[in-house]
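In case you want the letters, here they are:
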Amino acid sequence: MHRILIIGGGVGGTLTANLLVKKLRARIGRGEVEVKLVDTTGQHVYQPGFMYIAMGGERAANLERPERSLLDRRVQLVVGEVERVDPEQQVVTLADGRPIGYDQLVLATGSRIVPEAIEHFDTEAHHFYSAEAAARLRAALDAFTGGRILIGIAGMPYKCPPAPLEVAFLIEAELRERGLRDRTTLDYCSPIGRAFTIESVSAMATPILADKGIELHTFFNVEAIDPERKVVLSLEGEELPYDLLILVPPHKGQQFLIDSGLAPAPGGWLPTNRATLLVGPWPNIYALGDATDLPLSKAGSTAHFEAPVVTERIVAAVEGRAIDHSRGDYLGKVMCFFEIGDGKGTLLQFDYEHPPRPPKPNRLWHLGKIVFNKTYWHTVPKGRV
Amino acid sequence: MTEIAPITTRTVDARGSFCPGPLMELIRAIRESQVGDVIAVYSSDSGSRTDIPKWVEKAGHRLVELVARDGYDEIVVEKRR
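Chains R and W supply the protein sequences, listed in that same order.
Per this note's numbering, the first sequence starts with residue 1, numbered consecutively.
Per this note's numbering, the second sequence starts with residue 1001, numbered consecutively.
Source of the hints: derived by calculation from the structure; they are not laboratory data.
As the structure is a prediction and not an experimental result, all values here were calculated from the model.
C-beta atoms are modelled at their ideal positions from N, C-alpha and C, and glycine is treated no differently.
Treat the hints with care, since some could be wrong.
Label pairs and their computed distance ranges (CB to CB) [as the list claims (entries may be wrong)]:
hint	chain 1	residue 1	chain 2	residue 2	range
1	R	Q43	W	E1065	50 to 56 Å
2	R	P266	W	V1035	20 to 26 Å
3	W	R1081	R	W377	50 to 56 Å
Work out the full structure: start from the sequences and follow the hints.
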């Protein structure tokens, strides 16, 4: 029996499980292979939708489905929290003490937000990295009648790199529609020396910020929030005032990966080979999606393009054949839509060797994003696109 | 009077990491260091040659030196505040 264990029921874990079943159906049927997936909650959440709870009238109930409903029936689903991975013994232990052995392990454990890493974040700052927080941001925007809005990034890396810029563009458009724009200042702060990590995207976004009258502050690394004076202080010694504060919270990898010695503290990102997606020195542990330390977007799209690579490598091991490198090497492919506001969007498509060349923003790419979001449940997790 | 290059108190090996990874690693090290500490960053990403000195100037620290090594740059920074 060849035991394949996947930890995490997000995009990467779910898609990998279903792709493995497609390739190994006969062997699973004969009892030679098992595919098991462990997920903390048993609920699959479409996280890119959170931003639309704040900005587009989306409802939290539309963004969640039982993981079981997305998995092929041949995948065994275990609901439980992982406490430890022992790569020497090839055993994963759950918090309730259950041990699960494996021959091949896939870590699709995602990232987690740690707003508590910054004092007063929870009471002062809004964000859109959970359904609840996004709903609170929506309520705050509804109650907003003018003033200073500060949007920024309070830690890198973080999920969905375009999201804070998208939110800035969408809020600016909304304020114009509501007749509040001339009563509002908008500031955008970036921890690095430009608006976005990738230079070509920064070159596209910076003039849009200027056109929309959103002031860009670079090299602004959030150090503290002063709730008395309503200012955010930076490591670089600057401060910016706010009436409404929207910050991307700091992110980390999962604590059990640090505790298991697989990922270094404090970040908890798994040291992952950029082509093979193998973790550290281990020949049978793969990582994909947000959990890796790869210099790529932490986004479902990354996991989407990594899943077939992990699948090919595991299937080759099970079948005892050489890896087909045309399918089993990851080239860094990522593709995502980017909202600009006023019903327009653009597309970021890139890999390790080819930076994105975003097309001129238009209505098509905005509609593309909306259609993708609506059809996600029937396409991505099931391996249909 | 020329300032003498102080002794490195911490080395951050960010080789293999891509922009802005080395800068973020330096920022983490600066946060954890004391005023007067000297941090050497190794970066194989050519973008670090410009973005780290720009950040150092804005943040009020001192760029001690930037040396091209074999396949990477060594950028030495003194924490000033």
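- [ ] Quick one: which hint numbers does this structure break? Sort them smallest to largest.
- [x] none
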